[in-house]
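Colleague: With chain A fixed as given, assemble chain B onto it according to the hints.
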Amino acid sequence: MMTDAATLAPVRPRRRALALSGWDTGVGHALMILVSLVCVFPIYWMIVTSLRPENAIFSTRLWPDAASLDNYAYALRAVPMQRMLVNTFIVSAAVTAVQLLSGILAGYAFARWRFRGSAILFGAVALTWLVPLQVVMIPNYLLVARLGMIDTLGALILPHIASAFAIMLLAQSMRSFPTEVVEAARMDGGNHWQILWQVIAPNLRGTLASLAILIFITTWNEYFWPLLLTRSPENSVVQIGLQMFISSEGTQWGPLMAASTMASLPILLIYLVLQRQVISSFMKSGLR
Amino acid sequence: MRLGHLHLDPTMTDFAAEPHPPRVLRRMTRARRFRRQLVPYLYLLPAVACFVIWIYEPLAQAFVLSFQQWNLLPTAPKTWVGLDNYRNIFDLPKFWQALGNTWYYLVGLLPLAVLLPLVIALFTQDLPPRSRNLYRALIFVPMIVPPVVAAAVWRWLLDPSHGILNLGLQGLGTKPIGFLSDPDLALWTITFITGWKLIGFATLILSAANAAIDESLVEAARLDGASNWEIIRDIRLPLLSPTLMLLILMVVLLGAQWSFSYIHVLTEGGPLGSTTNIYYLLWQFGFGSLSVGWSSASAVILFVGFGLLAAALFALKAKVTFHDD
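Chains A and B, in that order, are what the protein sequence lines are.
Just add 8 to wherever you are in the first sequence, counting from 1, and you've got this note's numbering.
Just add 104 to wherever you are in the second sequence, counting from 1, and you've got this note's numbering.
One chain only, chain A, in its complex shape (with noise of 0.2 Å):
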C-alpha cells in the first residue's frame, strides 16, 4: 500500500503527461462545444426572438438588429404576466419556506431519536417518489374541490408541505452533525426546540441554502399541479400564462418568446449567480 503522499505527489505531472494528446484534448472541445450549442443556442434564439420588432419575427439573422421590446409590451398587455409572476414567486416562496420548515423538523426527529414506528416511517417518507401526481390527481383535485380552493394560490401551495427529499437530505446531514456542540448545549440546559433552532439550524446554513435554492426553481417550474387546479388568469401561474399565447391556429411568437424569457427570467439570473450552488443542489437531489 502506497501511502496518501505517496500516490499524491506524483499524480499531477505524470497524468498531464498522459493527458491526451492534443488530438484527444481537441475532439473533447469539439465534442463539448456541440453540445453545449445544443443545449444554449434554443435559450438563446428565445431571447433573440423576443427582442425582434414585429415586421422581423421570421427573420434568420442571428442577432437582432434593431431591438424592440414591443413584445413583451403586447405580452404584458394581452395577459395578465405581471400578476402571474408575482404569483409564481409567491407560492415558490411559500412553497421553499413550508418545505424546509418540515424537512427541519422531519429531519431532526429522525436523526435525533429511534422511536416506535421510525424504520417504517422514514420508509414511508421515502417511497413517496414512487408514487407519479397523475396517480394521485383525481382524490386531490376532489380534496381541493371540497375544501373551495380550487382556483387560489393556496391549492398550488397545500400538497407541497412536505418533500421526501428535503427530509432525507436534512435527516442524513444533521445525522453527521457534530454530537459535542449538541452535547454542550444539552449541559447548558438547551431543549430540543432550542437545539434544533439555535445551534444545528444555523450550522447547517449551506445545506439549507442549497435546499432552497432547489425547491424554489422546482416550484417555479411546476406545471402539473397549477393546469389541474387553476381556472383563472389572475389566480394562475406564469407556466399557464405561457400556454395562453399558444393556439392551433396560430401562434404569436414574439409575444410567446417574449412571455417565455420573462418566465424564465428569474430561474436564469438565479444560475448566473449562483452557478455552482445551484448545480450541486440539482446533483445531490436526483431528478425530483
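Calculated from the structure, these hints are not laboratory results.
Quick caveat: nothing in here was measured; it's all calculated off a predicted structure.
From the three backbone atoms N, C-alpha and C, an ideal C-beta is built for every residue, glycine too.
Keep in mind that a hint or two might mislead.
Said to hold, decoys possible - DEER-style ranges, computed between Cβ atoms:
id	chain 1	residue 1	chain 2	residue 2	range
1	A	VAL94	B	ASP230	45 to 51 Å
2	B	LEU177	A	ALA127	38 to 44 Å
3	B	ALA164	A	ALA127	17 to 23 Å
4	A	ILE41	B	GLN201	37 to 43 Å
5	A	ALA127	B	ASN175	51 to 57 Å
6	A	GLN283	B	GLY392	38 to 44 Å
Stated by the list, open to error - Part of the chain A face toward chain B, derived, beta carbon under 8 Å:
id	residue
7	THR33
8	VAL48
9	MET54
10	PHE123
11	ILE128
12	LEU129
13	ILE146
14	ASN148
15	GLN251
16	SER255
17	TYR279
18	VAL281
19	VAL286
Modeller: Frame of chain A, contents of chain B only:
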C-alpha cells in the same frame, strides 16, 4: 469529530443524555414519559400529515375509485362496477398504444440521457478546468429552464414554415418536416426535448463519478500497457456502473412522467394518439372524458407496473453495486 457518528447513533435516546438515567426514569411519572415519547411524532407531524393527506390516502382512494363508474360531477352517482373498468381498459387499443409509446419514450431517452452523457464524461475528463467548467455551466442550462418554456422554444425552432431548424434543413434541400405533426416523428421529437433537458445533468453526475475514480488504478493499468479503450472497459465502466444504474433507474421510472408537460403543450397526445403515453392517457381519461373509473383503474395499473419495475431495477442495482466491491 471522529466520535460524531457514534454519538448520533439513533439508539442514543433522550434518556441516555441525562446524567443519571435510571433515577430520572424512575421518578418520571407515566404521563411525563408518555409526553416524552410523543415528542418525535410531533416533530414529524407536518410532514407525515402532508404525505397522508396528499399521497397515501389519495392512493387508497384511487384504488377504490378504480372499481366505480363516475363522471366527476358531485351530483352524479357513483356506481360500483367491479372489475369492468380494468376489463374495458385492457380491451382498449388506445391503452396498448399508450403503453407501447411509454416504452418507446423510455428506450429513446436512454441514449440521450445516459449514453451520450457517458461518452461526454469520459471524453472530457482531461480538458483544462477552466473551459470544462464553462462547458458544464452551459450544458446545465436546459435542466433549470421551465418545461413549458422548453416546449415553447422547441415549438418555435421546429415550426414547419418559419422555424430556424426547418429553414436550415430546407436550405439543404429537404421539404419542411412536421416534427410535431408527423405521427411517425412526433414521439421522437418529444423524446428528444425530454432528453435535451437531461443531458447536462446526467453528464455532471457521471463526470463527478468518473473524477472520483482512484487515478492510481488507471496509472497501474497504463503501466501494464493497457490501451485507453481497455482502461475504459475494464476499469472506468465497472466503477461507474452503480452511477449508471442510478441514472437508468431514474430515467426508466421518471422519464415518461417528465414528458407530460411537453406532450400537453406540444401535441396534446396527437397526432392520432402517437405521442400519448400512459401518464397522458390518465389525464385524458380523468379530465378529458371525465371517466374517473377508467382513469383510476389505469392509475392503479401504472402504479403497480412501475412499482414492480422499480423493485426489479433496485434488485439489479444492488447486484451491480455488490460486484463493484
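Colleague: Take the hints in turn and mark each one as holding or not.
Modeller: Hints and how they fare:
1. VAL94(A) to ASP230(B): 45 to 51 Å: Given about 47 Å between the Cβ atoms, the range holds.
2. LEU177(B) to ALA127(A): 38 to 44 Å: 43 Å, holds
3. ALA164(B) to ALA127(A): 17 to 23 Å: 22 Å, holds
4. ILE41(A) to GLN201(B): 37 to 43 Å: Holds, at about 40 Å.
5. ALA127(A) to ASN175(B): 51 to 57 Å: 42 Å, violated
6. GLN283(A) to GLY392(B): 38 to 44 Å: Roughly 41 Å apart at Cβ, these two residues keep to the hinted range, so it holds.
7. THR33: Holds: closest Cβ of chain B sits about 7 Å from THR33(A), inside 8 Å.
8. VAL48: This hint holds: VAL48(A) lies near chain B, its Cβ roughly 5 Å from the closest one there, short of 8 Å.
9. MET54: 5 Å, holds
10. PHE123: 4 Å, holds
11. ILE128: 11 Å, violated
12. LEU129: 6 Å, holds
13. ILE146: 5 Å, holds
14. ASN148: Status holds, d = 5 Å.
15. GLN251: 6 Å, holds
16. SER255: It is violated, given that the least Cβ distance between SER255(A) and chain B is near 11 Å, above 8 Å.
17. TYR279: At 6 Å from the nearest chain B Cβ, TYR279(A) passes the 8 Å test, so the hint holds.
18. VAL281: At 12 Å from the nearest chain B Cβ, VAL281(A) fails the 8 Å test, so the hint is violated.
19. VAL286: 7 Å, holds
Hints 5, 11, 16 and 18, counting from the list given before, are not met by this structure.
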